[in-house]
Amino acid sequence: MLQYVIAGLALGGIYAIASAGLVITYVSSGILNFAFGALAYFVARFYYYLHTQQNWGILPAAVVAIGLCGPAIGILLYGVLFRYMRLSSPLIKVVATVGLLVAVPSVATLIFGNQAIQSAPGLAPEPVRVFHVLGVPVTLDQVIVYCCVLATVLIGAAVLRYTDVGLKVRAMVDSPAMTGLSGTSPNAVSVGVWAVSIFFAGLAGVLAAPIIGLDPVNFTLLVAAAFAAVVAAKLRSLPIAVGVGLLMGILTSLIQRYLPSNSNWTTEIVDAIPFMVIAVVLIYNLVRRGSIGDGERVGGPLDRAIIPQGESRLAGSTASALDAGSIGLLGRYLGPALLLVAASVLPLIVQGFWVGLFAQAFAYGIIFLSWTLVVGEGGMLWLCQITFAGVGALTASQLAVNHGWPVLAAIVAGGLVALPMGLIVGFLSIRLGDLYVALVTLTFGLLMENLVFTQNIFVNQGLGVNMTRPAFAGTDLSFTYLSLAAFAVVALFIMNLRRSSTGLALNAVRWSEPAAKTTGISVVQMKVLVAGLAALVAGIGGGFLAAAQTSAQPGNFDTFAGVIWLAVLVTVGVRSNVAALLAGITFVMLPALAQAYLPTWTANIPPVLFGLGAIGVAKFPDGTLAQQGQLFRRFLQSRVDRRPVTLSGVALAGDGAGMVPTEPTSGTRLTEDVSP
Amino acid sequence: MTSADDAAFAKGAPFADGTGAGTAPAVAPVLAAYEVSVRFGGLRALSDVSVEVPPGRIVGLVGPNGAGKTTLFGVLSGLLRPTSGRVCLRGEDITAASPQLRARKGLARTFQQPELFLGLTVREHLVLAHRVRFARSRLLTDMWNPRALFGTSKAENERVDGLLELLDLTRVARAPVASLPLGTSRLVEVGRALAAQPDVILLDEPLSGLDLRASENLTEVFRRVVANREHEVSLLMVEHDVAAVLALSSTIFVLDFGELIARGSPEQVRHDPAVRAAYLGEEAPVSRTGTASTNGSGEP
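One line per chain: the protein sequences are U and P, in this order. Note that our numbering has the first sequence beginning at 1, numbered continuously upward. Note that our numbering has the second sequence beginning at 1001, numbered continuously upward.
Excised from the complex, chain U in its bound form (with noise of 0.2 Å):
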């Protein structure tokens, strides 16, 4: 039993320097750091290249990765990033961290090479000197651990409760706003709490190295189970995510003393501990609480009365609706129609391969379009529709070719079995707040993940299950444009729903849950009903996608790749079925052109890209396309009007006391430009 405690403890601590990370920089900025797997594994393997691959001793090596890189990348991430996003939405502040973590680990291939690296060395010299205690084993690696969360524990504590930078610190936490307005910088505090939050990355990062090897899917788990100590916390309180960091590497290692060492339940039910305890955690919390999401507020009255109309909410901001209300048909319908005729004609142009590629990406603007539903109209958080695009791949596959249902038959069962799933996820999620949702979207996903997607009628010895294409169209070209036609049939029901009473029910949920319900309308209903949707939208979405790629493996619905196609749809326009078209289309063609016509080492440069594009959404939250059609038009209308035209801008709250404003004219704002 001591033998399991003491090597839970050493993983329970990494645990706890992680979550110590991320809440540190959840308090003082609001950003839960999905990047901070990345980054941790970006220092490590800094660490493995100073001191394995140019044999710098340990003590150099460390004080240069963790002590030096690491705080420098949090203050380089900082300048260039995280300082714009204070006050933006958390879809905004997910999405960028996700562009980061896409980024991060192949801008560390690009340095480091893409060598494959199963075993790395922590912080104890090799050969590793093994101590017992009470006649159990305890290596100076984890020696190493316990000392590292003492420190962290003990020294955080001092600074923040005893110190003049602690004061700083909790004082900006309370509000950035009335710690600036009180002579001290709320940027300089900032800077010093992300330097020390990386540097807590980094830390975790060497630490973990020689538990779980320097693979970044493995250390973007990690800091995944590290969530559930940050939930557990309620994303703010230091000694409880290390507390609970701790407790739950003990409760890991335990549970494997007890379960059968030769199941595949056994590691099914250790990989997703961590994601039941943040389900547990929720559940606890929402049945005494009634609702969670307070503690996702950052800052105080003033910080939130200066947040710009629109910003505070999911989705963009409200320039798209300000322009929209000033461009004709023609400014609004031109750009959207040549890339629909685009779209038709490439197919038949393009031949053998990149036909094929096409039937995907059109499936792919299918799955993109439920998050066009759930994010862009519904205005939720939702991070797992990738999970209902696998149940829909799984199922649709199951039931054509194990079944003999015809294939489209069973790609629409495929969505209707995703869509009552996706009415519980809705239910259970009404009373959180953004983030929360986004935990709870997640954690399903990685439940799913874990215990469904692994069972072996779904894997198949690693083979997945073959998906068959409808006999009419059995070519890829064929099939093509049957994805495309599936893709329109959803876009048009979108933009019906969208003018449509109910879309302007879910426009006033996502606006302002109070004014919508005092007003008549059913937040839970509403925001149930386009859950559903949204769900059944991402299981047909994934049936075509399995038909496109004619079988269906789990392996292509992990949910953190799912997180990294909604940061792609969010570069592009999470509010605009053409934008999900286009993210499908440069989801599945830049790597495949990248692939086909480039070198080698040029492989990782589309992640970057993706990366740097869903970063670039922290200074336009629209994403590309709004903001090249908002340049288009404006050149378009500034070449017609004559007449000089405003910047994006929004109104302020309180901007104005008069009871009409001046008369609407093409290309000018009724209100003075206020951007932030």
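Please keep in mind that the hints were generated in silico from the structure rather than gathered at the bench.
For each label pair, taking beta carbons as the anchor points, the in silico distance ranges come out as:
hint	chain 1	residue 1	chain 2	residue 2	range
1	P	W1144	U	A342	29 to 39 Å
2	P	E1158	U	L348	45 to 55 Å
3	P	R1090	U	V341	56 to 66 Å
4	P	L1101	U	M495	24 to 34 Å
5	P	S1137	U	V341	34 to 44 Å
6	P	E1158	U	V341	39 to 49 Å
7	P	L1101	U	V452	35 to 45 Å
8	U	R431	P	S1137	22 to 32 Å
9	U	S638	P	N1145	31 to 41 Å
All figures in this text were calculated on a predicted structure; none of them were measured in a lab. Ideal Cβ positions, reconstructed from N, Cα and C, are used throughout, including at glycine.
Could you slot chain P onto chain U? The hints should help.
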């Protein structure tokens, strides 16, 4: 009313001027709260507060900051559950009803900080509110029906266009509300409330932040709405501009530290010693609307 309700009202000082302010109203109140208390942890935000809103009248609710006015609005609209007490709409106990159900039964409200749907235009706000009340099934059926995009009823158009004209919003009817200044935003909120043809509207500081002309226009709109005999509407108004409340209201309730310290006609409230001591001060200077006021800013 039950005997318990009578007893609740008996707790306040009776008014015997025959205006219906101090005695139990002759007609049944359209909206009433009986002995409502709200606690937030150890803080008692409201203590046994009872208010009644008669049909077709403007009722004022005043009190210093922190008196519990917005909390009471939260309880009346269903956004807050009272610790104890009852809320009745047209005699029906709605204490346990959700905000949306209350809205469908004829209760509308505005907010201290305008809560608009930033993705919608001015007209869409009114259309949505009208449909929620009178064509509710369209919220679920429209998305399946392409013809629904063009299917606005004559009654809906008349109602919405009439309100846009009444509120002088026709010129900005198709403008996104995100582009509107505060004063216009308040009008849109009022329009959204009126579009549902409610029996009662709770107005939370509707004149706050408006300039003199805007304030006068809006108070005139309130008078016209209440004077409309085709559909009887009552207004319960929280407002810091006490002078405006005194000028508009037939009955005023005064809250202080979560307790009802006075109720009655404007004249009675103006001379109530408890109100003067707690709120108005010894003198009531002339306000921007030409009647008695607390101070130049309208704040107590």
